[in-house]
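Trainee: Chain by chain, the residues:
Number of protein chains: 2
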Amino acid sequence: MRVIFNEEMKAVADDLDRMAQDVRKAIKGAGEALLKSDVEAAQAVIDGDIEIDALELSIIDQCVRLLAKQTPVATDLRVVVSTLRLAATFERMGDLARHIAEAGRRSYPTSPLPEEAKPLFEQMQAFLNETADRLVTMLQDRDAKTAEQIIANDDTLDELHSKTFQLALSDEWTGTRQQLIDVVLLGRFLERLGDHSVSAARRVVYIVSGFDPSKEPSRDEDGAVE
Amino acid sequence: MRVIFNEEMKAVADDLDRMAQDVRKAIKGAGEALLKSDVEAAQAVIDGDIEIDALELSIIDQCVRLLAKQTPVATDLRVVVSTLRLAATFERMGDLARHIAEAGRRSYPTSPLPEEAKPLFEQMQAFLNETADRLVTMLQDRDAKTAEQIIANDDTLDELHSKTFQLALSDEWTGTRQQLIDVVLLGRFLERLGDHSVSAARRVVYIVSGFDPSKEPSRDEDGAVE
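Just so you know, the sequences run in chain order A and B.
Note that our numbering gives residue 25 to position 19 of the first sequence, counting from 1, and the numbers run on in steps of one.
Note that our numbering gives residue 190 to position 184 of the second sequence, counting from 1, and the numbers run on in steps of one.
Honestly, the hints are just simulated from the structure, not real lab data.
Among the clues, some could well be false.
Claimed, not checked - Below, simulated PhoX-like cross-link-like pairs (lysine-lysine); rule was C-alpha separation at most 25 Å, straight line:
(1) Lys75(A) <-> Lys42(B)
(2) Lys75(A) <-> Lys75(B)
(3) Lys151(A) <-> Lys42(A)
Stated by the list, open to error - Pair ranges (Cβ atoms, derived):
(4) Glu178(B) <-> Thr180(A): 18 to 24 Å
(5) Gln129(A) <-> Arg148(B): 47 to 53 Å
(6) Lys16(B) <-> Tyr114(A): 50 to 56 Å
(7) Ala60(B) <-> Ala74(A): 25 to 31 Å
(8) Arg148(B) <-> Ala74(A): 17 to 23 Å
(9) Gln184(A) <-> Arg148(B): 41 to 47 Å
As the list claims (entries may be wrong) - With the C-beta cut set under 10 Å, the calculated list includes, among others, these residues of chain A facing chain B:
(10) Ala74
(11) Thr77
(12) Val86
(13) Leu90
(14) Ile157
(15) Ala158
(16) Phe171
(17) Thr182
(18) Leu186
(19) Ile187
All values derive from a computational prediction rather than experimental measurement.
Beta carbons are placed, not taken as given, at the ideal position from N, Cα and C, and that holds for glycine.
Sequences and hints are given; from them, build the entire structure.
Mentor: In structure tokens, the structure reads:
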């Protein structure tokens, strides 16, 4: 029984790894779409989201079958339940990357961002590209250390996000109202990508250590209206 | 075994009903905070979110224990897995209502919205108040008909949400940049409350009928940058 569980769980873990890799590709592609007006990159992210969605459904099916047939307990059960939540998180990250890519495609060949906002968005994007690499490593190696880095670093993104509001309210701002709308929504999408990365990292810490950091009081990483 | 499963599942279902009721209270309170500058209502939503979070954790614990001890299969397993997802959805709705309440509290005693935006937000809020009532009925009665109404009606909210952007770009708009930021974020939070309601309704249809409407191509209700 145990051998079959491990074998089937391995197949699920492979799918989850692929999801993390697809999400990394989507995050990086969304950045190309947004910051370099790369319309092909935008299209690839939009098309690629279908695969991410399909992977989630496949993972749910496999997990439900595993639960029914193998009746895992203790650690195994923790892994299955956490896998379901990780898949849901990655699916959502794929959606957010797609929204960013769609904004890039819609405003092509110009950027949706006014010039003065680009440096902040470039910093946010660079941060998320690094986080995306960490997500893949974390998943492949079930590595709690990398997961903890993701959790610890999240403030950086929140600070950059706050600065987009400060910029929009400052004398430096030259953007149109449409650009302000885009800056607010795109900033929110990027920030949410960071939140979901933290939530995924917490799941991995839980799988590895059995300690659930989502039960700490700071669990809601979500930014309020600023 | 089966009797014990039903008894324990009944306790989980009661918690899920309470979550739906708490979410309804949060949505309505957020509306009072936003549209009537009711700072006590705002505080109640903010404080109440702790109970919603606690209910989710309690539901997760109960479901994991159920999976371990009772090894449900087929329909029962579907109910447990869907319950986990419903609890996650309601938890997120509590967060969104809290963000709206926080915006109301922050700008107290004035509204964060310019006068011309209020009618649209009142319509969005009235729509969500009705949806919140339906969520509670749907959960209590495991009623697929009510769930299907929620799914069918979602376009109304998306249209109102689009109109907030049109308004912000029109000559009618008199708001400051801060107000534009708030209109964009608050509109997004309200729209996401609608999306999560649809997602919860789809879960209930799945529990009741075994047919998973989330596998339909239209599954992503999320609004893009407009």
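Trainee: Does each hint fit the structure? Answer for all of them.
Mentor: Each hint, compared with the structure:
Restraint check for lysine 75(A) and lysine 42(B): the C-alpha separation of about 54 Å exceeds 25 Å, so the hint is violated. A C-alpha spacing of about 14 Å is found between lysine 75(A) and lysine 75(B), which places the hinted pair at or below 25 Å, so the restraint holds. Between lysine 151(A) and lysine 42(A) the alpha-carbon distance is near 33 Å, which puts this suggested pair outside the 25 Å criterion. Range check, glutamate 178(B) to threonine 180(A): Cβ separation about 23 Å, and the 18 to 24 Å hint holds.
The beta-carbon spacing between glutamine 129(A) and arginine 148(B), approximately 48 Å, falls within the hinted interval of 47 to 53 Å. At about 54 Å, the beta-carbon gap between lysine 16(B) and tyrosine 114(A) stays in the expected band of 50 to 56 Å. The supplied range of 25 to 31 Å is met by alanine 60(B) and alanine 74(A), whose beta-carbon atoms lie about 30 Å from each other. Under the hint 17 to 23 Å, the C-beta atoms of arginine 148(B) and alanine 74(A), about 22 Å apart, fit the expected range.
Taking the beta carbon of each, glutamine 184(A) and arginine 148(B) are about 45 Å apart, inside 41 to 47 Å as hinted. At about 5 Å, the closest approach between the beta carbon of alanine 74(A) and any beta carbon in chain B falls short of 10 Å, and the interface hint on this residue holds. Hint status for threonine 77(A): holds, given a least beta-carbon distance of 4 Å to chain B, under 10 Å. Given hint, valine 86(A) at the interface with chain B, holds; its Cβ is 8 Å from that chain's nearest Cβ, closer than 10 Å.
Proximity of leucine 90(A) to chain B holds as hinted, the smallest CB-CB distance being about 7 Å (cut-off 10 Å). Interface hint at isoleucine 157(A): violated, since its Cβ lies 18 Å from the closest Cβ of chain B, which is beyond the 10 Å cut-off. Proximity of alanine 158(A) to chain B is violated relative to the hint, the smallest CB-CB distance being about 22 Å (cut-off 10 Å). For the restraint placing phenylalanine 171(A) at the interface with chain B, the shortest Cβ-Cβ distance is roughly 6 Å, inside the 10 Å limit, so the hint holds.
A distance limit of 10 Å between C-beta atoms decides the matter here; for threonine 182(A) the minimum to chain B is near 9 Å, and the interface restraint holds. Because the smallest distance between the Cβ of leucine 186(A) and any Cβ of chain B comes to about 5 Å, under 10 Å, the interface hint for this residue holds. A least Cβ separation of about 5 Å between isoleucine 187(A) and chain B falls short of the 10 Å threshold, and the interface hint therefore holds.
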